[in-house]
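Assemble the complex: chain C is given as a structure, and chain X must be docked to it using the hints.
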Amino acid sequence: MKQLKFLIIALGMAFTIACDDNESPQPTVSENGFLILNEGAFQGSNASLSYFSMSDSTVTNDVFFAANNRSLGDQAQGITGYDGNIFLTIQNSGKIEIINSTDFSEISTVDSRLTSPRYTYAGSEGIYVSDWNDGYNGWLKKVDPSNFQVIDSVETGSGPSLPNAINGKIWVPNAGGYSTDSTVSIFNTDLSFDKEIYTGINPAFIIEDAAGKVWVICKGKSWPAEGVRPSSIMKYDRNGNFEQEIAGPDGGYFNSASYNSTSGLIYLGTSDGIHVLDVQTGQLTESLIDISGVYGMEYIEANDWIAVAVPVGFTTAGEIHIFNTDGSFVKKETVGIAPNGFTYVQK
Amino acid sequence: MRVVVFIVIFFISIPYLGLGQTDTVRVLDEVEVISSPWEQFVPSHKKYTADSVIKSLVPYQNLASRLNYIAPVNIRSYGVTGLTTISQRGFGGGRTKILWHGIDLQSLSNGSLDIGQIPAFFFDNMTLYSGGQSAVAGSAAIGGILNLEPLDAKTRGDNQSQLFLRAASFGSLTAGGKTELSKGKHSGDIKIFYQKSDNDYPFINTYKSGAPKERLAHANRESGSVSADYSFQLSDKIKLSSSYWGLFSDSQLPPLASKTSGSQEEQNDRYHRGAVNFSVKDQQYDLRFTSGVDLQKILYLNNATDLESETTSFRWQNNLLYTYYLDNWTFNFTGKANREEVTFNNEGYPRIKERLTGELSGFIRYEPKAGTIFTAGINQSMAEDISIPTTPSLSVSHQLGSVLTVHGEFSRVFRIPTFNDLYWQGAGAKGNPDLRPESGYNGGIGINFKTSPAKYFNSSLSLDLYSTTLNDQIVWAPDSEGDWTPMNLQKVWSRGIELESVSSIRYGESEFLLRLNYQMTRASLMKDNTISDEYTGTENQLFYTPEHIFGANLSVKYRRWLLAIFNQFTGDQYTTLDNNERWKLEGWFLSDVNLAYIFSVGKNKISVSGEVKNIFDTEYEVRRERIMPGRNYGISINLLLNH
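Here the protein sequences line up with chains C and X, keeping their order.
Residues in the first sequence are numbered from 1 upward in steps of one, following full-length UniProt numbering.
Residues in the second sequence are numbered from 1 upward in steps of one, following full-length UniProt numbering.
So here's chain C without its partners, still in its complex pose:
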């Protein structure tokens, strides 16, 4: 009996392992700043949201969890803000988290009629979500802003990327997904089909400049070896009429784009640096900033900064690197796993 008692006590001791509670930091929203979306590792369910405060130039990580006491989900892809709301598109969780831009508390979750949502556009035209479906085709879905329910959908090309509203219509770049595409699908706001325009390989970003010209940034395709096609930039008018094609950098495949309306420059990210397109001249500067591992980038107008997301692998904390627009380095901060996007927020 003593042996049995000893065993029970011993087993009890063996399984008593002290655990520290992991208190998450509380969000510290100041007057303005920007949010950093951290994609997380696929199937790792460790997507998160970080906040960079411009008042003290510090980063607070995991602010979604701190505000809502739950994790963001798996594979966060899209972040955009509109009308005090932040829309976080979580692809492998099949949902869009809508949070308040001031304290990051939840407003609603769009979680029905979504399969593999990639990016959300929110603006005066409405809320539109690109959905990869199986990665070989795609959908554009319309969300009712009054109740945040998906109310309509229409088929697009392969791997629809970030939609944009141009001239009262919704332009959807079909970035190829798991295959290849070279079109932009254009819809009316009620999702009736307007037209399809042809672009370079795998169009991913659409930017309208101050002069009303539309720039379609095409990623290109690096594999398979027999199918390599370079990146490119296509220029159209607001009705989708082709005007100009500009070749991308040799061996560079665009993964991010952001527009500086003050200087009329489009910043373009590839995995090894930031390039600049002057929309007036159509000149592409090959490397404003040399930095490897670029995975996302955004021009931050409030401070005239370029914020660059660098995952540093998908298994550890990532980094953001901040530069002035002349390419000079400002600072580096550690954020969540695999940062990929930014959005400016103002309290």
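Please keep in mind that the hints were generated in silico from the structure rather than gathered at the bench.
Accuracy of the hints is not assured; some may be wrong.
As the list claims (entries may be wrong) - As a list, the in silico DSBU-like pairs of lysine-lysine whose alpha-carbon atoms are at most 35 angstroms apart:
hint, chain 1, residue 1, chain 2, residue 2
1, X, K183, C, K332
2, C, K347, X, K208
3, X, K527, C, K331
4, X, K450, X, K208
5, C, K332, X, K491
All values reported here derive from a predicted model rather than from experimental measurement.
Using the frame of chain C, we list chain X on its own:
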């Protein structure tokens, strides 16, 4: 550290408590196993096998659960119906070799074998060898070797059949049976198994707003398996045998916990395996030829998107082993020739890749006196377009007195890239045909202590220390365009301790059996060019690798009653290489209790049992957002017929 010190002291003290040997609580007759020929060249390896209590009480288990009961092994899983693999000594599922009749069973495409689908009672004689030994077992024998060896059981005088039926929580129904027959020169067995489970268990979903209580949806699994073995003793020396093993498993894949809209993903697996053996046993030599095939079809379906992806792999493996005995020496020569083919059909059209592989190896075993064994071996494996290092091994085992044995070993280990690693295309990922094999070194020392066989008390204790390095570990990471591709990125160093103690005591009409095991694994990423240097080195622990795993089984037999408690503790697991506490999986302790009443009817035995699994209703996740079942119940009836 307190835990480690305590467990070490605890284990060391066990033999002196005066407890006894493993198999005194016998319900089923034991089948004596003749080792595979190569097993005599790994005398230093720690072995884990199932005892008769486990075999008789829980025949309906799958292989993953069985391993959890018998060894301090980390079972990695993508949830209740997801891919489930062994992670031994810190290395992933594709780095523990799994053999059936000496035929590799791991998928050619992804290197894994889903042990959550395999009925354990098909392989009651299985052995898990802890530690790497690529010289003996070839590619992927890095963390260990799981040998599923059903055929070489010694022919029993009596024939025996077993039937069992189990009903359990969450719509689970399991039925199985086997019969083993022997007459004259003929012997064989047939085994059949069926299982269906809804897996619609309740859980608190902390990944959703308000942490609602939900039931797991879309998690049904239906699986079945059948096998048949036949052996014909042609003469005193020559034996012919053949085996077939088929399996189907249709699984719904439940959604991540954060996903509200449900899942329509499914996976349907079909396996067919066959082997024929020709063996000659003479006083001076053994000769054994095995030719086996393994056909695996894995179909992934997503009805929400109409996506279908099918991977078919076919392996034809031929092994020739010749062993020559000369006084205290044993010499072995082994040759293997394989054809491997994988058909990818994930983009609407089939893409076939194939290769030839082979192995040549030689071993010497020298036994200068009883209890002292030296072995040395060398292996040269070959694969088309892949340069594989020559792989040596050395080991020694020496008995000191009547109760203590010391042993040590050193060997090279390696793993060649899988077909997915080399040739995959699709879904944002691509293979890399320029990959090199992973390779490294494994070393270990250990002691075995075993009390002299006694009527009332028996006890054994083993302690093993090990160290394994692996260079060029293949890891999938994004390339410059963001597509995932495998690369030879990492250098890993894993080292640790394994302890096992098995003790029994007979007191009056009561028999106690206590089985304890423990593994401490420190697995470090020593180099990875894709991450910051601050996250490499000996301080951090590899992700999904618990530092501590502990098992404690206690059974008590009193007259016709048998009570068994199976406990397993799996320590905290980091899920990121920077060991961020935020993403850590909390460790879990599971305790299963089983009570059986056993009675005889003539020569036959019947047991009726009830069990409570996860009796403390522990909430745990095997991966983030993969929430596992809480307390659940089962009843079963088990018939053992001697005829």
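Do the hints match the structure? See the list:
Taking the CA atoms of K183(X) and K332(C), the gap is about 78 angstroms. The hint is violated against a cut of 35 angstroms. Annotation: proposed proximity of K347(C) to K208(X) holds, straight-line Cα distance about 26 angstroms (limit 35 angstroms). Between the alpha carbons of K527(X) and K331(C) the distance comes to roughly 27 angstroms, so the proposed pair stays at or under 35 angstroms and holds. Restraint check for K450(X) and K208(X): not satisfied, since their Cα atoms lie roughly 53 angstroms apart, outside the 35 angstroms limit.
Pair hint K332(C) plus K491(X) holds up; C-alpha atoms about 28 angstroms apart against a cutoff of 35 angstroms.
The structure fails to meet hints 1 and 4 from the earlier list, while all remaining hints are met.
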